[in-house]
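J.: First to last, the sequence lines map onto chains A and B. When we follow this note's numbering, the leftmost residue of the first sequence carries the number 1099, and every step to the right adds one. When we follow this note's numbering, the leftmost residue of the second sequence carries the number 1099, and every step to the right adds one.
Hints are not guaranteed to be accurate.
When chains are identical, the list treats them as one kind, so a pair holds in a single copy or across two.
In silico SDA-like pairs for lysine to any residue, Cα to Cα no more than 25 Å straight-line [as the list claims (entries may be wrong)]:
1) K1282 with N1262
2) K1215 with I1231
3) K1105 with I1285
4) K1282 with A1118
5) K1105 with F1210
6) K1100 with T1184
7) K1293 with P1146
Don't read these hints as lab results, they were simulated from the structure.
Number of protein chains: 2
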Amino acid sequence: VKLYDCKTAPSPRRVRIFAAEKAIDLETIEIDLAKGEQFSESFRNINPDCVVPALELDDGTCINEVSAICQYLERVFPEPPLFGSTAVELATVVMWDTKVEQQGLAAMRDVFRNSTKGLKGHALTGPVSYEQIAELAERGRRGVSVCLQSLNERLNGSEFVAGNFFSVAAVSSIELVDFAAWVKITIPEEATYLKRWYDAVSSRPSATA
Amino acid sequence: VKLYDCKTAPSPRRVRIFAAEKAIDLETIEIDLAKGEQFSESFRNINPDCVVPALELDDGTCINEVSAICQYLERVFPEPPLFGSTAVELATVVMWDTKVEQQGLAAMRDVFRNSTKGLKGHALTGPVSYEQIAELAERGRRGVSVCLQSLNERLNGSEFVAGNFFSVAAVSSIELVDFAAWVKITIPEEATYLKRWYDAVSSRPSATA
Chain A
1099 VKLYDCKTAP
1109 SPRRVRIFAA
1119 EKAIDLETIE
1129 IDLAKGEQFS
1139 ESFRNINPDC
1149 VVPALELDDG
1159 TCINEVSAIC
1169 QYLERVFPEP
1179 PLFGSTAVEL
1189 ATVVMWDTKV
1199 EQQGLAAMRD
1209 VFRNSTKGLK
1219 GHALTGPVSY
1229 EQIAELAERG
1239 RRGVSVCLQS
1249 LNERLNGSEF
1259 VAGNFFSVAA
1269 VSSIELVDFA
1279 AWVKITIPEE
1289 ATYLKRWYDA
1299 VSSRPSATA
Chain B
1099 VKLYDCKTAP
1109 SPRRVRIFAA
1119 EKAIDLETIE
1129 IDLAKGEQFS
1139 ESFRNINPDC
1149 VVPALELDDG
1159 TCINEVSAIC
1169 QYLERVFPEP
1179 PLFGSTAVEL
1189 ATVVMWDTKV
1199 EQQGLAAMRD
1209 VFRNSTKGLK
1219 GHALTGPVSY
1229 EQIAELAERG
1239 RRGVSVCLQS
1249 LNERLNGSEF
1259 VAGNFFSVAA
1269 VSSIELVDFA
1279 AWVKITIPEE
1289 ATYLKRWYDA
1299 VSSRPSATA
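Let the hints inform the model, and build the full structure from the sequences given.
T.: As structure tokens, then:
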């Protein structure tokens, strides 16, 4: 199994943290996004969407999308469970993971991709060119803040994002906080529950992955 | 188990189709989105994001997000499997479901919410007001077309979206095609594989759900 990775990018780090929590030793192949290697002919055969992470199985099957890679690894390496154990835990994990992805990380990508000079014409990932929309960067900043506030409320009375256990929803939330710091959005002073949680999860060994 | 539903909205229909494929008889409670019932105090207690679908379990636990509801139903009602059977099938299903959600349905929501007069101030779902961005509606139309084309290529040589079996990825794709028709985006003439697939899946009894 090989992970197509980029050490500096937010999305593949989610898979690296996930794998580290399970003590899975993944062979990684670095794709240099700054040099545009994701658009190369050879990488398009791995992932036609031209994004990392991508997981190539030993038989050549390629799995793209963080959610799909994590579900695959969970099934093949079940311990420790990062999608909960019961049906309700699974649903709670997927619900929070989806919220953080679609409300938080999507907004954060809007900020980054619509406001970074070097990404002109790349307002969405992938091979199709999309122009930047300045209003979308602004809207994204608000979306990230709303999501951080929603996480703070959730963490009032809940040890972790999806309940009393560490899960893939926590991995996505760590990445949201760390990615937001790129554009100087930090955890607000008053978000004490989020701060307490972040201090705990970001000091786990996996956070250095 | 109760499903908070809206008969005319795209997202809850995905859960209804999913449940119909498994012959699960879900009690439904209609939330009138046109009247703004999703913003009522009582519904906010079910889903603070103010969107349907939401699934309320018998112990009062609420599961939001289509992905989470479907994963829950899959675990509790495993037959027939709609997330595949093996780890690779599961990963392939989640990969395509995520692609259709994040590339296709998200773009379609951008079109609809940024161009519908009655949705001014509601360019994103939920309780926070966001102004419409006309450019985003335009960009969304292109995104929907790109996703339909990507599905057409995939369906060249693959009976269903995620392989040789019907899955939740097909459910999301049906909804993408049907939702796109709201804004007069139809399957292009030349997309013959997509057309063949759509004719087959939309004639399944579940498609009337």
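J.: The structure should be examined with respect to each hint, and the outcome stated for every one.
T.: Hints versus structure:
1. K1282 with N1262: neither (30 Å within a copy, 46 Å between copies)
2. K1215 with I1231: both (12 Å within a copy, 21 Å between copies)
3. K1105 with I1285: Classified as within; 24 Å inside a copy, 39 Å across copies.
4. K1282 with A1118: neither (27 Å within a copy, 46 Å between copies)
5. K1105 with F1210: Answer is within; shortest intra-copy Cα gap is 17 Å, inter-copy 37 Å.
6. K1100 with T1184: Answer is between: at 19 Å across copies they meet the 25 Å cutoff, but 30 Å inside does not.
7. K1293 with P1146: between (38 Å within a copy, 22 Å between copies)
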